[in-house]
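> As a plain string of letters, each chain reads:
There are 2 protein chains.
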Amino acid sequence: MLENKFLEKLKDGDRRYTARAISVIETGDSNSASMMKIIYPYTGSAYRIGITGPPGAGKSTITNQLTKFYRSQNKRVGIIAVDPTSPFTGGALLGDRVRMADIGYDEGVFIRSMATRGSLGGLSKKAVDAADVLDAAGFDIILFETVGVGQSELDIAKAADTTIVVLVPESGDSVQAMKAGLMEIADFFVLNKSDRPGSDQAVVALNTILMMRPHDMHSWMPNIIRSIASENKGIEDIAKEIERHFQYLKDNDKFLKRREEKTKFRVKEIVEERLRAKLWNTENVLSMEASLQQVVLGSLSPYQLADELIISFKNHITQ
Amino acid sequence: MLENKFLEKLKDGDRRYTARAISVIETGDSNSASMMKIIYPYTGSAYRIGITGPPGAGKSTITNQLTKFYRSQNKRVGIIAVDPTSPFTGGALLGDRVRMADIGYDEGVFIRSMATRGSLGGLSKKAVDAADVLDAAGFDIILFETVGVGQSELDIAKAADTTIVVLVPESGDSVQAMKAGLMEIADFFVLNKSDRPGSDQAVVALNTILMMRPHDMHSWMPNIIRSIASENKGIEDIAKEIERHFQYLKDNDKFLKRREEKTKFRVKEIVEERLRAKLWNTENVLSMEASLQQVVLGSLSPYQLADELIISFKNHITQ
Numbered sequence: 001m002l003e004n005k006f007l008e009k010l011k012d013g014d015r016r017y018t019a020r021a022i023s024v025i026e027t028g029d030s031n032s033a034s035m036m037k038i039i040y041p042y043t044g045s046a047y048r049i050g051i052t053g054p055p056g057a058g059k060s061t062i063t064n065q066l067t068k069f070y071r072s073q074n075k076r077v078g079i080i081a082v083d084p085t086s087p088f089t090g091g092a093l094l095g096d097r098v099r100m101a102d103i104g105y106d107e108g109v110f111i112r113s114m115a116t117r118g119s120l121g122g123l124s125k126k127a128v129d130a131a132d133v134l135d136a137a138g139f140d141i142i143l144f145e146t147v148g149v150g151q152s153e154l155d156i157a158k159a160a161d162t163t164i165v166v167l168v169p170e171s172g173d174s175v176q177a178m179k180a181g182l183m184e185i186a187d188f189f190v191l192n193k194s195d196r197p198g199s200d201q202a203v204v205a206l207n208t209i210l211m212m213r214p215h216d217m218h219s220w221m222p223n224i225i226r227s228i229a230s231e232n233k234g235i236e237d238i239a240k241e242i243e244r245h246f247q248y249l250k251d252n253d254k255f256l257k258r259r260e261e262k263t264k265f266r267v268k269e270i271v272e273e274r275l276r277a278k279l280w281n282t283e284n285v286l287s288m289e290a291s292l293q294q295v296v297l298g299s300l301s302p303y304q305l306a307d308e309l310i311i312s313f314k315n316h317i318t319q
Numbered sequence: 001m002l003e004n005k006f007l008e009k010l011k012d013g014d015r016r017y018t019a020r021a022i023s024v025i026e027t028g029d030s031n032s033a034s035m036m037k038i039i040y041p042y043t044g045s046a047y048r049i050g051i052t053g054p055p056g057a058g059k060s061t062i063t064n065q066l067t068k069f070y071r072s073q074n075k076r077v078g079i080i081a082v083d084p085t086s087p088f089t090g091g092a093l094l095g096d097r098v099r100m101a102d103i104g105y106d107e108g109v110f111i112r113s114m115a116t117r118g119s120l121g122g123l124s125k126k127a128v129d130a131a132d133v134l135d136a137a138g139f140d141i142i143l144f145e146t147v148g149v150g151q152s153e154l155d156i157a158k159a160a161d162t163t164i165v166v167l168v169p170e171s172g173d174s175v176q177a178m179k180a181g182l183m184e185i186a187d188f189f190v191l192n193k194s195d196r197p198g199s200d201q202a203v204v205a206l207n208t209i210l211m212m213r214p215h216d217m218h219s220w221m222p223n224i225i226r227s228i229a230s231e232n233k234g235i236e237d238i239a240k241e242i243e244r245h246f247q248y249l250k251d252n253d254k255f256l257k258r259r260e261e262k263t264k265f266r267v268k269e270i271v272e273e274r275l276r277a278k279l280w281n282t283e284n285v286l287s288m289e290a291s292l293q294q295v296v297l298g299s300l301s302p303y304q305l306a307d308e309l310i311i312s313f314k315n316h317i318t319q
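Going line by line, the protein sequences match chains A and D. Numbering follows our numbering, with no gaps: position 225 of the first sequence is 225. Numbering follows our numbering, with no gaps: position 265 of the second sequence is 265.
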């Protein structure tokens, strides 16, 4: 009964129920898994877009402008923003305030910032679960916005149907420094702030790197779209490129294949997180801690202790 | 017999045996765990130093200069360098060449670069195992050099007795962008290239951030050491600060405590990696893949599939 009401409210797009459902996910509540099972059959219709890139590239501005663009087409947009920026800097907070003033009071937009601190590991699982909630709540477009630093953040950006990597002309050396990961997950690039000097060179450099990747004539070749998001320039081009990528996936029977790949990763994460919770129950942690001193003093190797813990885990899990 | 010879050669500091042992670790060979058990009793005397920071801060130069400093004190130095920089950029390769010319041909120095690509997750476990090999091979100082981007890389830097975070004056905004993680793992900071403009402001900014952290009069307060590593300036100050931190740990009964903490993390990683290997054996992966399409089409939820996989894992693990 309660479940039915919850599901109806959520499917109606009720904002309070949507927010509450995501909170259940965030706190890692034990109800989370059963809730996700109930929601799941009503997901799958939203198109999911990942937006990532180095700090300061303008990801939030692009997310906001894209949101306004989709709203003008009467599509409902859900945003999941993940930013591990230090609580010291306040950068994210300021961005949030600007964003709220910009698009936050539109009933067709739902914005959720997810904290990363202390939740590393389970983070991309939570973000994808939250996207399922928004999907079931009838949002047509879901934008994952994450900073392109760290594996968890990249995992979230990768969980999308289309993944966009945002760069700026000055990031010549940030491209240098960038983990290869960012290059490999981009379905296309946005060169934002492209009125700044060095823009043409940045495009040439990026294209050179892209040409070095193994590819054939049937491969999707990531394009580079120029934008000045703060002036709303290039946003329609970005939306067009998203559409072109979607068409490519569909026309080449890659759309469901890709979702299967993402699902594989997701199921792996769910399984591992559950086993980890079982594994590091209080009893096991205490028994490990009791042996740590022996390891540090050299009379027991970490590998022997690991053997012991695995045996005790086997006994525990089958009870 | 063979084991004895291997162990003797390793303890003698034989370079070929040392290199081979690390290769066994890197390939994830099944012999790796038993080798580590044999080696372990001969570890524990090396002092381990983590050096991390954003790309371009001068970590390699500091590592090289510190190595030369310790060599002048007749200490043997092992270096484990982990850099996930894209193979596209060539930055790491160039650095390696400079490094080899500088310190690579000294018999008292052993340098090993570890690849990160494709080995995320197990990476910090492998780096710490490699440090054990160097420890058993009689190296007095082990330097972990990693770029401060991504959880795995931070985990490696944290695996040390003393962790140093290298910054440059221009990283005002890189401090901004920096994940709080870097702030929290630093036992002290090195402000490298400190002859550049903005150096004093960077120190003030850093101190302000540090003062905001919870601390009392008994806490270790991270210092900021200035250096110009390329001119060999400030290197002795860095070595002195490492020594001061070591003394602090010893005088406050924190040295073994800290090693226990690191060991706890390490044992957890070993256990999880082993269970992961058992979990994702070919059979389980195939059975998962067979169900993926159902999940994508909505007739099975990822959480139900996870349930099924966990049940099959339980049956499997107890056989």
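Keep in mind that the hints were calculated from the coordinates and are not lab data. Hints may be right or wrong, so weigh each one.
The list treats identical chains as interchangeable, and a pair is accepted whether it falls inside one copy or across any two copies.
With a Cα cut of at most 20 angstroms, we get these calculated DMTMM-like pairs of lysine to aspartate or glutamate [said to hold, decoys possible]:
hint: 1; residue 1: Lys68; residue 2: Glu260
hint: 2; residue 1: Lys262; residue 2: Glu289
hint: 3; residue 1: Lys268; residue 2: Glu289
hint: 4; residue 1: Lys262; residue 2: Glu308
hint: 5; residue 1: Lys75; residue 2: Glu236
hint: 6; residue 1: Lys257; residue 2: Glu236
hint: 7; residue 1: Lys264; residue 2: Asp307
hint: 8; residue 1: Lys233; residue 2: Glu243
hint: 9; residue 1: Lys250; residue 2: Asp161
> If a hint holds in the structure, say so; if it doesn't, say that too.
Hint check:
1. Lys68 <-> Glu260: Neither way: Lys68 and Glu260 sit 30 angstroms apart in one copy and 52 angstroms across, limit 20 angstroms.
2. Lys262 <-> Glu289: Classified as between: cross-chain Cα gap 12 angstroms, same-chain 37 angstroms, threshold 20 angstroms.
3. Lys268 <-> Glu289: Answer is between; shortest inter-copy Cα gap is 11 angstroms, intra-copy 28 angstroms.
4. Lys262 <-> Glu308: Result: close only across copies, 18 angstroms inter versus 35 angstroms intra.
5. Lys75 <-> Glu236: Only inside one copy: Lys75 and Glu236 sit 15 angstroms apart there, 62 angstroms across copies, limit 20 angstroms.
6. Lys257 <-> Glu236: Neither: 27 angstroms inside a copy, 57 angstroms across copies.
7. Lys264 <-> Asp307: between (29 angstroms within a copy, 14 angstroms between copies)
8. Lys233 <-> Glu243: So Lys233 and Glu243 pass the 20 angstroms test inside one copy only (18 angstroms; across, 55 angstroms).
9. Lys250 <-> Asp161: Cα proximity of Lys250 and Asp161: one copy only (11 angstroms, versus 53 angstroms across).
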